[in-house]
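Colleague: Following the hints, put chain B in place on chain A, whose structure we already have.
There are 2 protein chains.
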Amino acid sequence: MIKKVNHIAIVVADLEESMRFWVDALGLELAHTEHVESQAVDVAFLPVGDSKIELLKPTDNESGVARYLEKRGPGMHHLCFEVEDIVAALARLKAANVQLINEVPVMGSDGRKFAFIHPKSANGVLVELYELKSV
Amino acid sequence: MIKKVNHIAIVVADLEESMRFWVDALGLELAHTEHVESQAVDVAFLPVGDSKIELLKPTDNESGVARYLEKRGPGMHHLCFEVEDIVAALARLKAANVQLINEVPVMGSDGRKFAFIHPKSANGVLVELYELKSV
Chain A
1 MIKKVNHIAI VVADLEESMR FWVDALGLEL AHTEHVESQA VDVAFLPVGD SKIELLKPTD
61 NESGVARYLE KRGPGMHHLC FEVEDIVAAL ARLKAANVQL INEVPVMGSD GRKFAFIHPK
121 SANGVLVELY ELKSV
Chain B
1 MIKKVNHIAI VVADLEESMR FWVDALGLEL AHTEHVESQA VDVAFLPVGD SKIELLKPTD
61 NESGVARYLE KRGPGMHHLC FEVEDIVAAL ARLKAANVQL INEVPVMGSD GRKFAFIHPK
121 SANGVLVELY ELKSV
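Sequence order for the protein chains is A and B.
Quick note: the first sequence uses my numbering, first residue 1, plus one each step.
Quick note: the second sequence uses my numbering, first residue 1, plus one each step.
Derived from the structure by calculation, the hints contain no laboratory data.
The list cannot tell twin chains apart, which means a pair is met if one copy fits it or any two copies do.
Cross-link-like lysine-lysine pairs, in silico, DSS-like; alpha carbons within 30 Å at most:
| # | residue 1 | residue 2 |
| --- | --- | --- |
| 1 | K133 | K94 |
| 2 | K120 | K133 |
| 3 | K94 | K120 |
| 4 | K52 | K133 |
| 5 | K113 | K4 |
| 6 | K94 | K3 |
| 7 | K113 | K133 |
| 8 | K94 | K113 |
| 9 | K113 | K3 |
Quick caveat: nothing in here was measured; it's all calculated off a predicted structure.
Same shape as in the complex, but just chain A (with noise of 0.2 Å):
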């Protein structure tokens, strides 16, 4: 049901600035770097193995990141798994009264389907699936 990590995703206060440490010093190969309207952030995408490092970084006071850096700081936000049938890995949740934020999956703009499973649930930790498009 779970194929791998697709990532671990990281809220920092500057992308430039987490830079020093992600690339510069650790050695990790920054990807791309794109804009997320919907959630707010900018998003650095560092790939490593099989899966990446996303840092996220706030671009208003409003939303779930920018509300998580004020109140805890920079660290791991949450953790995602990619899976093979999202639809069928929700109902499984479901049926073991797992908490869900979202119960049905959201399309991404990229044909992607994710959703968030509650911290609650899940030993305090922020889980997300993905179900990647199929090429």
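Modeller: Positioned in the frame of chain A, the structure of chain B alone reads:
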């Protein structure tokens, strides 16, 4: 320099109870559990893709993991990258003025070398480096 994400470590209060989410509901596979005396934790290893989720349950009240759980509750604790050459990686990090918790690699009982980077230098993330024993 960085090969992949070796594991994402998550602190939990109760290992058996946490399996209900990660294994029963989410569908990850439990490979094995072990007690790590030096860190005073029980660890459950859940392989996924080319990485692993490691669930850490403190077995005393004084370890770093126990204090983390007491202070912040369950959640993501650290992120571990596998490197080719940990001595070279630490030298590069030090040259970039990154604050290291272990300036010299620690030798694990299984021949693995590891070192932690201070969260102050890594956007609030406790980052671990592994150099696995060559076989």
